[in-house]
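Student: The lines below spell out each chain.
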Amino acid sequence: MIDIQSFSFTYKNEAEPALRDVSISVPEGGFLGIIGPAGAGKTTLARAVCGIIPHHYPGDYYGRISVGGLDPVEASLTDLSRLVGLVFQDVDSQIISTMVEDEILYGLENFGIPHAEIPERIRLALAQAGIADLQDRTVASLSGGQRQKVAIASILALRPRVLVLDEPTGELDPVSSRQVFSLLKQLRKEHGVTVIVIEQKIMLLCEFAEQLAVLDHGAVLRQGPTREVLAHAEELLALGVNCPRVTTLSRLLSRRLGRELPVCVNLEEAEETARRLMT
Amino acid sequence: MKELFQYVPGQSLLHRLNPVTKLILTIMICAAAFITSSVFFLLGLLAVDLAIGLIAGVARKTLGILRGLMKIAVFLFVLQVLLSRQGTPVFWIITDRGLLTAATVVLRLVVVCMPLALVLAVTRVSDLSNALVQVLHVPYKYAFTLTTAIRFIPQFLEEMSDIMEAQTARGIAFDQARGLKKLGMMLPLCAPLLISSVRRTDQTAAAAEIRGFSLRTSASAFRRYPFHLEDALVLGFCVLLIAASILL
Numbered sequence: 001m002i003d004i005q006s007f008s009f010t011y012k013n014e015a016e017p018a019l020r021d022v023s024i025s026v027p028e029g030g031f032l033g034i035i036g037p038a039g040a041g042k043t044t045l046a047r048a049v050c051g052i053i054p055h056h057y058p059g060d061y062y063g064r065i066s067v068g069g070l071d072p073v074e075a076s077l078t079d080l081s082r083l084v085g086l087v088f089q090d091v092d093s094q095i096i097s098t099m100v101e102d103e104i105l106y107g108l109e110n111f112g113i114p115h116a117e118i119p120e121r122i123r124l125a126l127a128q129a130g131i132a133d134l135q136d137r138t139v140a141s142l143s144g145g146q147r148q149k150v151a152i153a154s155i156l157a158l159r160p161r162v163l164v165l166d167e168p169t170g171e172l173d174p175v176s177s178r179q180v181f182s183l184l185k186q187l188r189k190e191h192g193v194t195v196i197v198i199e200q201k202i203m204l205l206c207e208f209a210e211q212l213a214v215l216d217h218g219a220v221l222r223q224g225p226t227r228e229v230l231a232h233a234e235e236l237l238a239l240g241v242n243c244p245r246v247t248t249l250s251r252l253l254s255r256r257l258g259r260e261l262p263v264c265v266n267l268e269e270a271e272e273t274a275r276r277l278m279t
Numbered sequence: 280m281k282e283l284f285q286y287v288p289g290q291s292l293l294h295r296l297n298p299v300t301k302l303i304l305t306i307m308i309c310a311a312a313f314i315t316s317s318v319f320f321l322l323g324l325l326a327v328d329l330a331i332g333l334i335a336g337v338a339r340k341t342l343g344i345l346r347g348l349m350k351i352a353v354f355l356f357v358l359q360v361l362l363s364r365q366g367t368p369v370f371w372i373i374t375d376r377g378l379l380t381a382a383t384v385v386l387r388l389v390v391v392c393m394p395l396a397l398v399l400a401v402t403r404v405s406d407l408s409n410a411l412v413q414v415l416h417v418p419y420k421y422a423f424t425l426t427t428a429i430r431f432i433p434q435f436l437e438e439m440s441d442i443m444e445a446q447t448a449r450g451i452a453f454d455q456a457r458g459l460k461k462l463g464m465m466l467p468l469c470a471p472l473l474i475s476s477v478r479r480t481d482q483t484a485a486a487a488e489i490r491g492f493s494l495r496t497s498a499s500a501f502r503r504y505p506f507h508l509e510d511a512l513v514l515g516f517c518v519l520l521i522a523a524s525i526l527l
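For the protein sequence lines, the chains are A and B, in the order given.
The numbers in this note's numbering rise by one with no breaks, and the one at position 18 of the first sequence is 18.
One gets this note's numbering by counting positions in the second sequence from 1 and adding 279 to each.
Hints are computed from structural coordinates only; laboratory data are not their basis.
Treat each hint with caution, since some may be false.
Covered stretches of chain A (chain B as the covering partner; in silico rule of three or more C-beta atoms under 8 Å from a C-beta of chain B) [to be verified]:
id, stretch
1, 103-109
2, 211-218
3, 243-254
4, 267-278
One-sided and incomplete, this derived list gives chain B residues near chain A with beta-carbon spacing under 10 Å [stated by the list, open to error]:
id, residue
5, A338
6, T374
7, D375
8, G491
9, F492
10, T496
Remember, predicted model here, so these are calculated numbers, not experimental data.
Think of the CB as a built atom: it goes at the ideal place given N, C-alpha and C, for glycine as much as any other residue.
Bound conformation, chain B alone (with noise of 0.2 Å):
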């Protein structure tokens, strides 16, 4: 979990591309998943996905991703079988139609999920946030924020386990519960959690300010974010995948 939305330094192609084109890549892969019906076209989506994290070398953290996935994915599968009435038995209450709506819901949720995750992977957060402000013209009030959320969910679950660690110091065994036994004894440390992070976060302000945040234009970034002939090729490939989405 700690990984999820870390960046895995490289000189893949993936990495090496504007980031708008990878945030254009991902927002595509997500239109195309939503405009289509068919369960084989999701599936060639999947295929995208997976062969983006072999192309960017993330192969283990994408099968890691896919793995985390997996648990909602069946959970989601089981509850829209038996909620679905459509179409003819094939087994019990199963049907045909449920069968296939439920499949086509959960490589939906599969396929949408990815790409964000591998665009983070193979991207440094503040290459995204000044190419937004610099290529697309976000307010970097905005673009700011973005970096800050990311920035600190490695923070917030660190913070987690310290709190964690603390309680079992005093004797509550976090580790002989599970499932609902656990994330009830979990509840009450959110409010410890939510207090230190409204700290930080206020004093994170502090420290973005006396280092000029208010100064930032979009002329402030030190590197600058041209878009070149593989940004065309991918961005290609982007229209193809709507086209196709909506001809199949």
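This is chain A alone, in the form it adopts within the complex (with noise of 0.2 Å):
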């Protein structure tokens, strides 16, 4: 579905490349995890997918991407957008409506979505996001993880085949942050969706990511199956990265052991090993 081959971006009158030579590639329902420290280059690259760049911020462009058979140097940027999703990382520049009707209803009028369809799927798309009740609120009056989800609804209310989301769970508290990955996890079950996320709550992200890339200084440092890159704890940590809690132990008993123990993504399989080791 996503295609990256050695890609490269440099932000225009800025003299570091903000990505280098960056190929990755996200089959079709499939659910990317991008992680790595500030400054990395994560939301160059969100943006990269959705055509923001080069349509929005001008620079030098390497490489080629490929999202669902477009080019997004070729591709407009309103073609794009009607097969990918981005949730940005700055809520409060996402959202255009004063009301949060209106900012759901904003994207549905634009694509000419048929008008008899529209109120059941801003219906759906604030349950889905878990504010139905907030429909006839106006932006101003809510909470900062009430915007998230407002923004995230106006998204999903496009239904795109591809959703990017940079740090969608920034505002959230730990309830709405699982939920918001559960629900991405039925939108790719459901509905074949094809999911990348930019986050920091790095145990949800491994819970949920089949793959993983992490990104430093503009380089993907490692990518592949999540299990995988999670095996490489310790460079992972010197980027400043934190491993899930429970990798972290396993990795630790492992060494003081002196024995190879799977790596543990999740709570289940942690108690798993240890009742292992146990007997």
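Given two chains presented individually in distinct reference frames, assemble the corresponding complex, making use of the accompanying hints.
Tutor: Below, the structure is given as structure tokens:
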């Protein structure tokens, strides 16, 4: 679905490239998690996938990206946005309406969704984001977390085949964060939506993502199935990226015991390993 | 200040009116205020403003706006009275003509400023811009500019207070300064505010674009804005207002 080959990008008027020689591919219905320290180029990558780069941010563009067969350089931003939905990191700059309902309506109206279908789409998107009760509120009266959910709902309503979320749970509490990830899982399963998530909540991400890509200074340091990437926990720690605590625990145990233990990514696996060690 | 341009949900007559009608009403009140030179007619227009606030169910907000305007009004009144040299002196350098002119100017200011804030309190900004596009065929770009400007007012205020809090945390005593001194302390904050605003506006443009900004036509809007009997009545009232302002 998404195929990035040797992609490099330098923002206009910047000396250093934001991304260098990045190659990543995500199959249809795949779930890629992107992690890395601040300034690693995560947001730039998200922008490139949905075409905001190079259409909105000019700069030096090398390599090739293909999203659902479209080339972001050649296709118009409008054509791309029928396919890819992006949830911004800075939620306040994404919201353009003063009312929650209007924010969800905006994209639906523009893309010419039949008017008969619109009320149901709004209802469903708000329900999916868990904010059905906020439909008639003004955006200014909402908390940061609620605004984040509005931003997510406004993209969900458009039902894109590819969803790119840039730190979608930055302002959310643990319960809501998990709800967002569960929803993404459900969308993948039921509608084959391809998901890319940039996330700092590594535990949550590792639980849901099939693939991980670690970015550092604009380059892909490591990528592959989540478990394989987590096996290189020391490398991640050196970058300042935390690993899930269970992963760290299993790693320390295996070092202390001097024997190879499986890499744990969630609590159940850690429990299983511990149980096996006890017997 | 933060609530000044905020929509107050409701079901009043003013809420139900066509946004274009409300806009025309606003413009007509302003026009009438400039046409007339009668203090009594201006007082009448002020009563109309207050009545609008009352009917719309935003009485408290109306009084808030009035109170805000009073400060400027008093300043302007004093200035006008002291500067006016025409007419017969009543007391010291104050003349009867001066007092009358000052009252007219100040009343005109208040009467003109109130309706727009009131209309925005009872109209969703999106309805306003949609109706402008649908009914008056204003290009969507301009309507979007209007929406975005209003959307960003609370945003910028929030940001300003964030910057001020950050400065306070580093020892700048905003809370102990008043008047001009406080203004002087706030001026240097304009640079960071401007920079972050420009960056944010740029991102908002991208956000609009990835949700089909360029596809939007006058037929896109989900809601329709037909004119009803009550719109006709209000428009009739506007005509009366203008006629009265010319005759009185």
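Student: State for each hint whether it applies.
Tutor: Comparing the hints with the structure gives:
1. 103-109: With 5 residues close enough to chain B, the hint holds.
2. 211-218: violated (count 0)
3. 243-254: n = 0 at 8 Å, threshold three: violated.
4. 267-278: violated (count 0)
5. A338: violated, 19 Å
6. T374: Hint on T374/B: violated, closest Cβ of chain A at ~47 Å, above 10 Å.
7. D375: violated, 47 Å
8. G491: Status holds, d = 3 Å.
9. F492: Since chain A brings a Cβ to about 7 Å from F492/B, closer than 10 Å, the hint holds.
10. T496: This hint holds: T496/B lies near chain A, its Cβ roughly 9 Å from the closest one there, short of 10 Å.
The structure shown violates the earlier hints numbered 2, 3, 4, 5, 6, 7.
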